[in-house]
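Enquirer: Listed below are the residues making up each chain.
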Amino acid sequence: MSDAVLNINHISKSFGAVHASQDVSLSVQKGEIHALIGPNGAGKSTIIGQIAGSIHPDEGTIELDGRDITSFNVAQRVRLGLGRSFQVSAVIPLYTVEDNILLALLGREQQGLNLFSNAHKKNALVDEINQHATRVRLENRLKLPASDLSHGERRRLELAMALALKPKVFLLDEPMAGLGNEGANELTSLLSELKHEAPILLIEHDMDAVFALADRISVLVYGKLIATGSVEDIRNNKDVRHAYLGEEDEL
Amino acid sequence: MSERQLTFFVWAALLVFAIFANSIGEAYWVTLATRAAIFALAGVGLNLALGNGGMISFGHAAYFGIGGYVVGILATHAQNYMPIYDGWFIIEGTQLMLITWPLAVIIGGIAALVVGSLCLRTDGAYFIMITLAFGQMFYYFAISWGAYGGEDGMSIYVRGGFPGVNTLAPLPFFLLSFILLTVGLLVVRMLNKSPFGLALNAVRFSPARVETVGISSKQLKLIAFVISGMITALAGALFADLNRYVSPAMFSWTISGEIMIFVILGGVARLIGPVLGAIVFVALEETLGGLSEFWHIYLGLLLLIIVLFAKGGIAGVLIKNKGARNV
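Protein chains in written order, with my numbering: chain A, 9 to 259; chain B, 232 to 558.
Heads up, a few of these hints could be off.
Claimed, not checked - Lysine to any residue pairs mimicking SDA-like chemistry, simulated, CA-CA at most 20 Å apart:
no.	chain 1	residue 1	chain 2	residue 2
1	B	Lys424	A	Asn122
2	B	Lys424	A	Gln139
3	A	Lys129	B	Met421
4	B	Lys449	A	Leu121
Simulated from the structure, these hints should not be mistaken for laboratory data.
This is chain A alone, in the form it adopts within the complex (with noise of 0.2 Å):
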């Protein structure tokens, strides 16, 4: 496990009588997708929450790249390299696209906190944005407030957001939700790209991508994991085809 970028060793979340993690481990290893799946109510928005660190474990810890980080908050954890999206866009609709991925470059050099001098006069900053911008083909949209954008180029933008932190790892929530069959396919094969640059956390409700992307999957049924493994691994395992696939025809 010397490869592994992020850990997650043991944690467990309650709330109240609800166990939502149990006992949950899992890692992601330099150069792979590991995707996280689960039906419905399987407690995956608390484990992103964990390692996001919005929700703070019960029990256990979390690493990234070595360090431990169970006791970071959601800023700290990103300024040390996670990168993040949302389920929901969480872009800022009033802001262009430009201003959205220079939003993030300033979260990257700690310029937050910078009152002095002009957020749009860097200009080494500019080729930047131009640069993820083209990566997710967001580049005819520049000087477009993302209000305006669809849903589709939306995910994109947030996926440039996430990509101009650089982070060594990305936790990407739900990435292709409410995109249609093209922008599914568009997206998989950015990032089956992306995964060369820094691993991915996948965590996906649309099959066919989670199979044709992820190097390993794990499956998480009522707060716990079930099973971790390839593809074939977890195509062919009983309990998941049981907890999970069953209940899904179409596979």
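Based on these hints, arrange chain B on the given structure of chain A.
Expert: Below, chain B without anything else, positioned relative to chain A:
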């Protein structure tokens, strides 16, 4: 009209009005313009917290009052020649604006830091209530502070002094207030253009988004809140010298409400919004207030119309928005 043009136009109009009024000998109009400039400065302060940071503070009278009391207390000691502190060293009262202003700003900032770091643990309606509660605490404290006039407040016999300026004449005092208003506007404009401003204005829409680019939304908000309190405290200091009188009324929640009205009337999160709002407020107070004691009814009506039909305030109506807004 673009936002830039409107900003310049309103700013210049206030200046020209005061100079014109002075030239035809209408000293009272100059005083009105001064009142508008000072209220505007208080609003510029609040706008940073309320407009840009999305923190609905219903307690900014606290900083307005602190600014006033700093000037009042220093003036009282200067008038009766009793030092404020007489121990290992001596602190004397003073009426030099170059000392009273910075002190008002610093003490206002410290108060905003304490109040802000407590209030920012909450959000939404709770934030409004807790800022109001702190405002009222200052109000009742001032009322019961017998050493400094209690309910009666303090009179300042002679307006504070500024080197080379006759502050007792209406126009020079207006110009001082106007310069400070301009400085306040420039500071807020600089902040809004800075990386800090880009992040602060984003927090208003999505704190989670700002956190996920690695910036602490709490820190952003607290810094904005403190600067906001400092600017409003400076306005309070000017207000004390304008009236040559300070009283607990400066801390009253109605003042918090009025400062909020300047911002909402003029245009939330617009640089010139509070200036526009304060000018309209003073103009209405003067014209309608002369007709009826109950002029606030009309103010309320106007506010209702603005909130219902022109959410961007007067500035929002006047500015032609082309596409994205570069805050």
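Enquirer: Confirm or reject each hint.
Expert: The hints, checked one at a time:
no., hint, in the structure
1, Lys424/B - Asn122/A, "holds (10 Å)"
2, Lys424/B - Gln139/A, "violated (23 Å)"
3, Lys129/A - Met421/B, "holds (13 Å)"
4, Lys449/B - Leu121/A, "holds (11 Å)"
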